[in-house]
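If you read the sequences in order, they're chains E and S.
Anchor point for the first sequence: position 148 equals 147 in numbering that gives the first Met the number 0, and the numbering is continuous, going up by one each time.
Anchor point for the second sequence: position 258 equals 257 in numbering that gives the first Met the number 0, and the numbering is continuous, going up by one each time.
Source of the hints: derived by calculation from the structure; they are not laboratory data.
Careful, some of the hints might be misleading.
Unchecked claim - Computed cross-link-like contacts, DSBU-like style, restricted to lysine-lysine with a CA-CA straight-line distance of at most 35 Å:
#1 E:Lys102 to S:Lys91
#2 E:Lys102 to E:Lys224
#3 E:Lys102 to S:Lys125
#4 E:Lys133 to E:Lys224
#5 E:Lys224 to S:Lys39
#6 E:Lys35 to S:Lys125
#7 E:Lys69 to E:Lys224
#8 E:Lys35 to E:Lys102
#9 S:Lys62 to E:Lys102
#10 E:Lys35 to E:Lys49
#11 E:Lys133 to E:Lys49
#12 E:Lys49 to E:Lys69
#13 E:Lys35 to E:Lys224
#14 S:Lys6 to E:Lys133
#15 S:Lys39 to E:Lys133
#16 E:Lys102 to E:Lys133
#17 S:Lys125 to E:Lys49
#18 S:Lys62 to E:Lys224
#19 S:Lys62 to S:Lys39
#20 E:Lys69 to E:Lys102
#21 S:Lys125 to S:Lys62
#22 E:Lys224 to S:Lys6
#23 E:Lys69 to E:Lys35
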Amino acid sequence: MNTSQTTRIALYVYGVLIIGFLYLPLVSVGFASISKARYLSFPIRHYSTKWYAEALRSDTVSDLLFTSLKVAVIVTLVSMVVAFFGALAFARYQWRFRSLFQKLILLPIFFPQTVLGLALLMWFNSVGVIPSWKTAVVAHLVWIAPIATLIVAIRAYSFDPALEEAARDMGASTVTILREVTLPLLMPGLVSAGLFAFLLSWGNFPLSLFTTGADSTLPEWLYAKMVSGYSPLVPTLGVMSVVGSFALILLAMSIGWLVRSVREARAG
Amino acid sequence: MERHDRKLGLLSAMPLGLILVLSFLAPLVVVAVFSVMPAKVFTLAHMPDFSAYGVFFERGYYKSLLWSLAMALIATLALFLVCWPLAFGMAKVFGRFTLVLTVAVVMSLFVSENIRLFGWVLTLMKGGLFEGYFRSLTGIGFDSPLYNTGIIIFGLVYVYLPFMLFPLAQGISMVPDDTRQAAADLGASRWQILCQVELPLAAPGIMVGSLLTFVLAAGALAESKILGGQAVIVIADDIETAFTFGQNWPLGAALSMVLIVIIGGLALFGVSRIDLDAIMGRKR
Numbered sequence: 000m001n002t003s004q005t006t007r008i009a010l011y012v013y014g015v016l017i018i019g020f021l022y023l024p025l026v027s028v029g030f031a032s033i034s035k036a037r038y039l040s041f042p043i044r045h046y047s048t049k050w051y052a053e054a055l056r057s058d059t060v061s062d063l064l065f066t067s068l069k070v071a072v073i074v075t076l077v078s079m080v081v082a083f084f085g086a087l088a089f090a091r092y093q094w095r096f097r098s099l100f101q102k103l104i105l106l107p108i109f110f111p112q113t114v115l116g117l118a119l120l121m122w123f124n125s126v127g128v129i130p131s132w133k134t135a136v137v138a139h140l141v142w143i144a145p146i147a148t149l150i151v152a153i154r155a156y157s158f159d160p161a162l163e164e165a166a167r168d169m170g171a172s173t174v175t176i177l178r179e180v181t182l183p184l185l186m187p188g189l190v191s192a193g194l195f196a197f198l199l200s201w202g203n204f205p206l207s208l209f210t211t212g213a214d215s216t217l218p219e220w221l222y223a224k225m226v227s228g229y230s231p232l233v234p235t236l237g238v239m240s241v242v243g244s245f246a247l248i249l250l251a252m253s254i255g256w257l258v259r260s261v262r263e264a265r266a267g
Numbered sequence: 000m001e002r003h004d005r006k007l008g009l010l011s012a013m014p015l016g017l018i019l020v021l022s023f024l025a026p027l028v029v030v031a032v033f034s035v036m037p038a039k040v041f042t043l044a045h046m047p048d049f050s051a052y053g054v055f056f057e058r059g060y061y062k063s064l065l066w067s068l069a070m071a072l073i074a075t076l077a078l079f080l081v082c083w084p085l086a087f088g089m090a091k092v093f094g095r096f097t098l099v100l101t102v103a104v105v106m107s108l109f110v111s112e113n114i115r116l117f118g119w120v121l122t123l124m125k126g127g128l129f130e131g132y133f134r135s136l137t138g139i140g141f142d143s144p145l146y147n148t149g150i151i152i153f154g155l156v157y158v159y160l161p162f163m164l165f166p167l168a169q170g171i172s173m174v175p176d177d178t179r180q181a182a183a184d185l186g187a188s189r190w191q192i193l194c195q196v197e198l199p200l201a202a203p204g205i206m207v208g209s210l211l212t213f214v215l216a217a218g219a220l221a222e223s224k225i226l227g228g229q230a231v232i233v234i235a236d237d238i239e240t241a242f243t244f245g246q247n248w249p250l251g252a253a254l255s256m257v258l259i260v261i262i263g264g265l266a267l268f269g270v271s272r273i274d275l276d277a278i279m280g281r282k283r
């Protein structure tokens with residue numbers, strides 16, 4: 000059934016409008032970050048990059064960035080390992096509790112993150128663990144590892160189990176099969192899962208809110224300043240965080256494109 | 000081969016299984032136990048007295064809960080209407096533009112939600128992007144639409160759009176073109192095709208999307224704090240206050256439990272009805 004030309008054009012326009020709607024607030028943040036005035040008011044009269052210079056000099060800012068980075072890197076590495084095995088249990092192997100396992104993974108995703116953070120705070124308190132950035136890693140993992148697993152599982156669904164069976168028939172051990180057959184096949188899924196894990200942890204606020212103790216991540220600090228005691232550094236750091244994330248995505252996409260074109264060049 | 004699969008399946012489920020048992024299920028048990036403790040204790044070694052649940056009704060906390068649920072419901076319905084045409088376009092009309100849209104929407108997800116909400120404050124406040132430029136062009140100012148119930152719902156719609164859009168698009172892509180074509184050939188109107196072919200066949204996607212948005216929106220906090228200026232106190236806000244200013248963990252735990260039971264019930268109901276293998280594309 001063909002959709003009429005008018006409808007098609009209307010849908011394209013609607014799509015572009017939705018993208019505009021999603022990014023409009025970031026445009027405002029961008030403008031605010033280069034306004035010279037301490038108390039922001041549009042239209043902006045004087046532009047300056049002094050808040051960027053101030054942010055780069057500040058020790059608080061480098062502490063925040065370092066804490067956020069530490070958490071995100073560890074969450075990424077653990078998520079990738081856990082998601083590799085988790086995805087095989089989710090999609091590949093036929094075992095007794097598979098369906099139960101699939102549903103257990105979905106529950107943390109269908110759960111309000113603020114409440115999850117508080118539940119973890121009470122749990123850490125009861126077992127005598129003092130909250131710090133390390134407990135925030137655990138909190139992020141509860142939500143991010145299942146998402147990473149789902150991403151790898153999509154890839155695991157699409158590969159042919161006969162490849163593994165062929166390796167087994169040739170006498171390869173389970174570990175050899177995992178390393179030589181399964182891992183390379185799942186690699187693209189693992190890389191995107193790692194990227195997702197890093198970015199979701201880097202930007203996460205509701206899970207960090209109650210679980211970082213005396214440490215503070217960048218999104219937490221931004222929130223504290225937004226709710227009370229505005230700082231002109233808020234839009235500046237917001238822009239820096241967004242630009243950092245987008246640069247990482249572009250980097251990952253261009254590396255992926257490079258790897259593909261090298262492979263194609265070799266094959267051709 | 001069968002026996003091999005069983006062993007490997009269990010083994011490879013272990014790491015994630017352990018994480019979820021130790022840091023998802025166990026904390027929920029702790030919340031449940033805390034919620035029956037007497038007021039203002041910080042350990043579990045007390046006689047349970049269930050007093051926190053009494054406070055839930057006496058002090059009007061149920062009002063916050065009703066606000067949260069009502070706003071989440073309105074946001075979910077609004078999102079369904081906003082996302083349906085776009086999801087339809089992504090699944091059936093757009094070619095390469097679907098990829099562009101997907102990348103654009105996913106990238107917006109990686110920006111911390113409080114930065115994006117703060118951007119709306121800068122856009123909509125008095126002297127913000129809209130009002131400031133409008134006033135300098137026309138000389139006429141207008142009141143900012145911030146700090147009321149409507150803007151909180153707007154914030155929920157904005158933040159949770161991807162969570163409705165992608166499941167919907169997935170659901171619509173499961174409607175076979177032939178079926179729509181056949182209905183059209185037999186003389187069904189556009190409206191009849193929508194109600195009797197597309198909506199029922201896309202139901203799994205609709206259910207996942209609606210459930211996800213409702214559940215996340217019901218527990219949302221940042222929208223009411225940043226955009227709403229606390230025009231309405233939502234349940235997540237009450238929970239936070241009980242833990243921080245109130246220093247009353249059992250009360251916070253009891254409020255959390257009420258929310259967890261409602262949301263968990265809905266999530267379990269939804270999750271038990273989804274055939275994950277079918278949605279995620281099993282090739283067998």
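Discussion item. Does E:Lys133 sit within 35 Å of S:Lys39, going by the straight-line distance between their CA atoms?
Written reply: At roughly 27 Å apart (the allowed maximum being 35 Å), E:Lys133 and S:Lys39 satisfy the hint.
Worksheet item: Is the straight-line distance between the alpha-carbon of E:Lys102 and that of S:Lys91 35 Å or less?
Response: holds (30 Å)
Practice prompt. Could you grab the alpha-carbon distance between E:Lys35 and S:Lys125 and see if it respects the 35 Å cut-off?
Written response: It holds: about 19 Å lies between the C-alpha atoms, which stays within 35 Å.
Worksheet item: Does the structure keep E:Lys35 and E:Lys49 at a Cα separation of 35 Å or less?
Response: holds (7 Å)
Fill in: 35 Å Cα cutoff - pair E:Lys69, E:Lys35
Satisfied, since the Cα-Cα distance of roughly 32 Å is no more than 35 Å.
Fill in: Agreement of E:Lys224 and S:Lys39 with the hint, judged by alpha carbon distance not exceeding 35 Å
The hint holds at about 29 Å.
Worksheet item: Is E:Lys49 within 35 Å of E:Lys69, Cα to Cα?
Response: Satisfied, since the Cα-Cα distance of roughly 28 Å is no more than 35 Å.
Worksheet item: Holds or violated: are the alpha carbons of S:Lys62 and E:Lys102 at most 35 Å from each other?
Response: holds (32 Å)
Worksheet item: Keeping to a limit of 35 Å between CA atoms, is the pair of E:Lys35 and E:Lys224 held or broken?
Response: Measuring from Cα to Cα gives roughly 19 Å; hence the hint holds.
Discussion item. So if I understand the rule, the pair passes when the alpha-carbon distance is 35 Å or less; does S:Lys62 with E:Lys224 pass?
Written reply: Distance ~29 Å between S:Lys62 and E:Lys224 Cα, so the pair holds.
Worksheet entry | Hint consistency between E:Lys133 and E:Lys224 [alpha-carbon to alpha-carbon, up to 35 Å] | Cα-Cα ~23 Å, so holds.
Worksheet item: Are E:Lys102 and E:Lys224 close enough, with their CA atoms no more than 35 Å apart?
Response: violated (38 Å)
Taken one by one, the earlier hints fail for this structure at numbers 2, 3, 8 and 22, listed in ascending order.
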